[in-house]
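*Asks:* Chains A and B, in that order, give the protein sequences.
For the record, in the first sequence the residue sitting at position 90 is 1242 according to my numbering, with numbers rising by one throughout.
For the record, in the second sequence the residue sitting at position 357 is 884 according to my numbering, with numbers rising by one throughout.
No lab work stands behind these hints, which were simulated from the structure alone.
Model, not experiment: these values are computed from the prediction.
Worth double-checking, as some hints may not be accurate.
Taking lysine-lysine and the BS3-like style, the derived pairs with C-alpha atoms no more than 27 Å apart in a straight line are [said to hold, decoys possible]:
#1 B:K844 - A:K1159
#2 B:K786 - B:K841
#3 B:K786 - B:K752
#4 B:K548 - A:K1159
#5 A:K1159 - A:K1193
#6 B:K768 - B:K844
#7 B:K548 - B:K533
#8 B:K908 - B:K875
#9 A:K1159 - B:K768
#10 A:K1178 - B:K548
#11 B:K727 - B:K548
#12 B:K786 - B:K725
#13 B:K786 - B:K548
#14 B:K569 - B:K548
#15 B:K786 - B:K908
#16 B:K786 - A:K1159
#17 B:K786 - B:K767
#18 B:K816 - B:K768
#19 A:K1154 - B:K752
#20 B:K897 - A:K1159
#21 B:K548 - B:K875
#22 B:K727 - B:K786
#23 B:K752 - B:K816
#24 B:K727 - A:K1154
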Amino acid sequence: MKLPGWKELVEIGPIILEPGNAREYKTGDWRTFRPEIDYSKCTTCLFCWLFCPDSAISFDGKRVEINYDYCKGCGICAAECPVKCITMKEEEK
Amino acid sequence: MKTTFKKIAIEGNEAAALAFKQVNPDVVAAYPITPSTEVVQKFSEYVANGEVDTEFVPVESEHSAMSACIGASAAGARVMTSTASQGLALMWEMLYIASSLRLPIVMTVANRALSAPINIHGDHSDSMGARDSGWIQIYSENVQEIYDNIFQAVRIAEDPQVRLPVMVNFDGFITSHSEEILEVLDDDLVRRFIGEYKPKYSLLDVDHPMTMGPLALFDSYFEFKVAQAYAIANSLPVIKKVGREFGDLTGRYYDLIEKYHTDDAEYIIVAMSSTCGTVREVVDELREKGEKVGLLKIRVFRPFPLEEISNALKNAKVVGILDRSIIPGSFSGPLYHEIVSGMYHLDKRPIFQPYVYGLGGRDITTEHIKNVFTQLQEIEKLGRPKNLIYIGVRE
Ligand code: SF4
Ligand code: SF4
C-alpha cells in the first residue's frame, strides 16, 4: 500500500472515504509465532474459527484455514483447540 | 451601494448572541461561564422564543460542549458555541480534535484570566494558551467588531479551502459588558453574506459512508499534521478576501492587521483587542504634537500574518510589544516571541521592547501608553531592549 504525502492530505484531512478498507492493512507482519494446523488430527470442531480475535481463520464448509495476511500470532487458537493440533512455530526471518 | 443600518445600544455579549441569532446555526452546544454567560443566556432566550431553528444542547461542562459541537459538525451541521477562561481550558483536548478533523465550528471567547488565584476579569491567558491548538484566532477591539467578526468567522471557517474552526475573541468585561452603539445588519444581508452551508464531508451522508479521524501512527500522523499546518497558513488570503467582501457590503473593511499611522512612525506600539482603542487615543494626541508614533493592531493572531507585520514594523526605530498574558519562565509574552523571532532574519529591523500588562483585568490607561512611548525613546538611546517591563504592577 502506497502511503500519501502531506500535499495529498491538505484538502481532505484525516478522513477515509472508502468504507471497509481496513482489509488493505495487512496485520500479519506483526506475527512472531505462526500457528500451524495438523489436519490429520483436526476434528473440524471450529473452536479456533470461533475464538480467533482477528477473524483470520476461515471455514469453507470442509476445513478451517488460517489467513496469514491477518493472523497476528496471538496463539489463542492453539490454546483453545480441544485436540491440541495447532502448534505455534517461531517465525524465521 | 450606500446602505443605512439600524443603530442600537448593546453590550458585547448580547451583540454576539444577536449575531448568533442572525446566523441561525443548526446546533449550539454550550455551557455558560463568566464573562461570556450572556452569549449563551441570551441565545437560549431566542431558542425558547422560537426565533431560531437551532438545536440547543445545554451540556454539563465545556468539555462536553466542544465534544457535542464536534459531533454535530462532523455530522454536517453549522455549529457555534461560546466560552471563556476555565471553560476554554476544560475544552483543551477537544479543541485539537475540532481543528485536526477540519471542522468549521465558530466559537466566541470573552478573554479572561486563568486561575489561581481566582479572577474573572479580562486578559488573554485563555486564548493564548490555546494558540497552538490549530484554531484560527481573530481578536475584536469593540462591540461592533465582535458582531462583524462572527459573520466573517462563519464564512472563513466554512470556506472549502479552509474548513477550520474559528475563535472570535474579545476582552472579558471590558468589551463583553460594555454597552456601545452597534450598526445592525439586516437578516437578509447576513443570510446572503454567509450563504447556505454545504458540508464537503458529512457523517450523515449515508450514501457515502466514511471514517473521520482514524488511527494514524508513525507512518502517517506526521503527514496529517503538516497538511493541517498548511491548511491554516493557506487561510490567510481567505480571511483577507472575506474582510474585503464584508467591507463592500457594510462599509467596514477588515484586514489581518490594522496600521494606524505606522507608515512614517519611528515608535510603534503593537497591541490586540480593546487596548488598541486606548493606544489610538494616545497616538492621536502625540501626533498633534508632531511625534512620529503609531499603532499596529493585530486582528488575526492565528494564522500569524508575519509578512504583513514585518512590512508594517521594519522601518520603525523602536517597537513596544504589549502582551496581555504572561508566560512564567520565559522572557516575554507570546506576541513578542512570534514577532521578534519572525523578524530576526531581516537585515533592517527595529529594537523590540517586551511588555506585559493588564493581567486579571488590571486597567491600562492613556497615561500608561504615553509612558511606553517615552520609554521607547529612551530605549533607542540605549541601543538595546530592556528586560521585560510590567505595566502598572506594584513592586
Ligand atoms: S494465532 Fe491468533 S490471530 Fe492467528 S489464527 Fe490463531 S487465534 Fe487467529
Ligand atoms: S480448534 Fe483444532 S480441532 Fe477444532 S477446528 Fe480448529 S484446528 Fe481443528
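*Asks:* Quick one, are B:K569 and B:K548 close enough, alpha carbons at most 27 Å?
*Replies:* Holds - the C-alpha atoms of B:K548 and B:K569 are around 9 Å apart, at most 27 Å.
*Asks:* B:K844 and A:K1159 were given as a pair; does the straight-line alpha-carbon distance stay at or below 27 Å?
*Replies:* violated, 40 Å
*Asks:* Is the Cα-Cα distance between B:K768 and B:K844 27 Å or less?
*Replies:* violated, 31 Å
*Asks:* Compare the distance between the alpha carbons of B:K908 and B:K875 with 27 Å, and conclude whether the hinted pair is satisfied.
*Replies:* At roughly 17 Å apart (the allowed maximum being 27 Å), B:K875 and B:K908 satisfy the hint.
*Asks:* Against the 27 Å threshold, does the CA-CA distance of B:K727 and B:K786 hold or violate the hint?
*Replies:* Violated. B:K727 to B:K786 sits at ~36 Å, over the 27 Å cutoff.
*Asks:* When you check the alpha-carbon spacing of B:K786 and B:K725, does it fall within 27 Å?
*Replies:* violated, 35 Å
*Asks:* Between B:K548 and A:K1159, is the straight-line Cα distance small enough, at 27 Å or below?
*Replies:* violated, 38 Å
*Asks:* Does B:K786 pair with B:K752 here, judged by a C-alpha cut-off of 27 Å?
*Replies:* violated, 33 Å
*Asks:* Given the hinted pair A:K1178 and B:K548, is their Cα-Cα distance within 27 Å?
*Replies:* Given pair A:K1178, B:K548 is violated - Cα atoms ~50 Å apart, limit 27 Å.
*Asks:* Check the hint pairing B:K786 with B:K908 against an upper bound of 27 Å on the C-alpha distance.
*Replies:* holds, 25 Å
*Asks:* Is the straight-line distance between the alpha-carbon of B:K752 and that of B:K816 27 Å or less?
*Replies:* violated, 51 Å
*Asks:* Does the alpha-carbon distance linking A:K1159 and B:K768 stay inside the 27 Å limit?
*Replies:* Cα-Cα ~24 Å, so holds.
Of the numbered hints listed earlier, those contradicted by the structure are 1, 3, 4, 5, 6, 10, 12, 13, 16, 18, 20, 21, 22, 23.
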